[in-house]
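Mind docking chain X on chain P? Use the hints.
Chain residues, written in single-letter form:
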Amino acid sequence: MRNRQKTEKDTPLGAEAAQRRHRAVLVILAAALILCLLLSFTLGRYPVPLRELLGILAAKLGLPVEPFWTRQMELAVWNIRLPRVLLSVLVGASLAAAGAGFQGVFQNPMASPDVLGASAGAGFGAALALLLDLSNSLVTLLAFGMSLLTVALVFLIGRYVKGDRLVGLVLSGIIIGSLCQSATSFIKLVADPTNKLPQITYWLMGSLSGASWRDVRLAVLPMLLGLALLLLSRWQINVLTMGDDEARSLGVNAPRVRARIILCSTLLTASAVSVSGMIGWVGLVIPHMMRRIAGSDYRYLMGASVLGGGIFLLAVDNLSRTVSESGIPIGILTAFIGAPFFIWLITGRVDHYDG
Amino acid sequence: MTVEVEHLAFAYDEKPVLTDVSFTAREGQFLSILGPNGAGKSTLFRCILGLQTKYTGSVRIGGTDTKTLSPREMAGLVAYIPQSSRPTFNYSVFDIVLMGASRKLSPFRAPSREDNERCRWALEKVGISHLAQRCFHRLSGGEQQLVMIARALMQDAPVLMMDEPTANLDYGNQLLVMRQAKALTKEGYTVIQTTHAPEQSYLFSDRILALSGGRIIQDGPPAEVLTGETVETLYGISVRVVSLENDKMRVCMPINII
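From first to last, the protein sequence lines stand for chains P and X.
Residues 1 to 355 (the numbering used here) are what the first sequence spells out, left to right.
Residues 1001 to 1258 (the numbering used here) are what the second sequence spells out, left to right.
So that you can see chain P by itself, here it is in the shape it has in the complex (with noise of 0.2 Å):
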């Protein structure tokens, strides 16, 4: 520790030194995820060697490739697996920045992106609408649709609690969250117990099995966008942090900005959860575990959860697809991982700065 402090009080470019080594963990989350993402096709029931994989991705872009691979190979790539991998990485993705958003926004690392009822919200909707017995696609958009309302009306709740106004929009969100939870329990209990029960159970326990194109489009846009704005945000999430009053005097007009992040981290969560049921944990862990190797700075963190969330879904989701032949839902799984990785992650040494 002490040697450290040393070195970086002789260097006149100690920000500068910091700044690169945090660009740098960006570089390197990066590589891993397209490491990871290439693997990802070798590994399962259907192992599809790198060259075939490659070839059929250029020849899919239009390239003049002849086909040394089977059309079956072809078809399991194009129409399961690239969906399948897409779709673990944008909601990994989307719910790790969701996750370090509501933590900047609401400046309290417990924060998750469930924080404001989103996931309660959406699974009180895709509930409904199966007990309904709509179609998949409306079952998305009736989550989606729900969980956005949901914040909606805890915002709504928000702005008239007395006092702190966090604490009020924390408070409104963990009751209109638990309210939707009594409503889908309800929903669960009067649901046909042959078929209609574990549907709504299965679905609820977050699961990328059934990933097709059709899920990748629904969630690609509105995931993209709450990304890019959140990318974009990272500074003003900084200041934010800080406090309302430090975040207005430094000329951050707070409650605009916050309103702008908790817009985007519910879009991103809205969309995560009515595609891919409730998965927990990433966005809990992954920022912290980002603020680890990435620091507390948004500027580096936002883009390391983006890339990290990213990682670890696909690589719990090939976990998944490994172990057994139907996949355990991966909601369990991050559950089963998250869980003793966060303990080891809390009890672990805490200080990214002075070593």
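Honestly, I wouldn't trust all of these hints.
What the hints assert, rightly or not - Subject to a maximum C-alpha distance of 20 Å in a straight line, what follows is the list of computed PhoX-like cross-link-like pairs (lysine-lysine): (1) X:K1067 / X:K1125; (2) X:K1054 / X:K1067; (3) X:K1015 / P:K162; (4) X:K1248 / X:K1186; (5) X:K1182 / X:K1104; (6) P:K162 / X:K1054.
To be verified - Stretches of chain P that chain X covers, calculated by requiring three or more beta carbons in the stretch to come under 8 Å of a beta carbon on chain X: (7) 61-72; (8) 106-115.
Everything labelled a hint here was simulated from the structure, so no lab data went into it.
Predicted model only: the values in this text are computed from it and were never measured.
No residue lacks a Cβ here, since even glycine has one placed at the ideal position from N, Cα and C.
Only chain X this time, still in chain P's reference frame:
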């Protein structure tokens, strides 16, 4: 830059907190607002900073009514140095000071290399360059206060508002922070502080504002304001004010205790 407060009044649930407060702080002046707990110091502070806007009367900085200014424009005029800042997350000193650049950045931009340079200048100016890459949480109270001053310099606003800047500091750090603030007034910064320390405000201020029950009971040079009578009115304690070193310093001696 001049700060003019005119007929400012504020009531919380119809209970008056500030009544007809008027004063002017001129460029390069060190103004201390002295008053007991609950006198309305913090509210006055928040009104001047634009954090509280439900007041009547006006606050003008450089002639402009602050109610017409956006947070960004306001931040170009006044920098706030909070009593203690406890960021939730673990930022380096450099990053905290860099936040002073925010008002000049368009919403989706992050600080640039030039901002890094200015940040180094601000750290150098308050003499804490060696702390740049330290974690803010790990600094002592005095060091944290200096970081807040550096951030205000980074912000490049002509008026500095310090909220009880020395309240949590040891004796040495109190004087260090006060001297730093005083030096800034020599460069033309207007410094307004709230304080609980009569003797210290005598030593460093150009003017003292005595606030009691939401009203200004006295406003003038330290030599006029810091009298036994004023201190007794403010704090309800009988003191004898003793002058030392050709009246460069005054000490309050509580009569009933010694």
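Status of each hint after checking the structure:
1. X:K1067 / X:K1125: violated (32 Å)
2. X:K1054 / X:K1067: holds (10 Å)
3. X:K1015 / P:K162: Since the Cα atoms of K1015 (chain X) and K162 (chain P) sit roughly 18 Å apart, the hinted pair holds (cutoff 20 Å).
4. X:K1248 / X:K1186: holds (18 Å)
5. X:K1182 / X:K1104: violated (26 Å)
6. P:K162 / X:K1054: At roughly 17 Å apart (the allowed maximum being 20 Å), K1054 (chain X) and K162 (chain P) satisfy the hint.
7. 61-72: violated (count 0)
8. 106-115: Our answer is that it holds, as 3 residues pass the Cβ test (under 8 Å) against chain X, meeting three.
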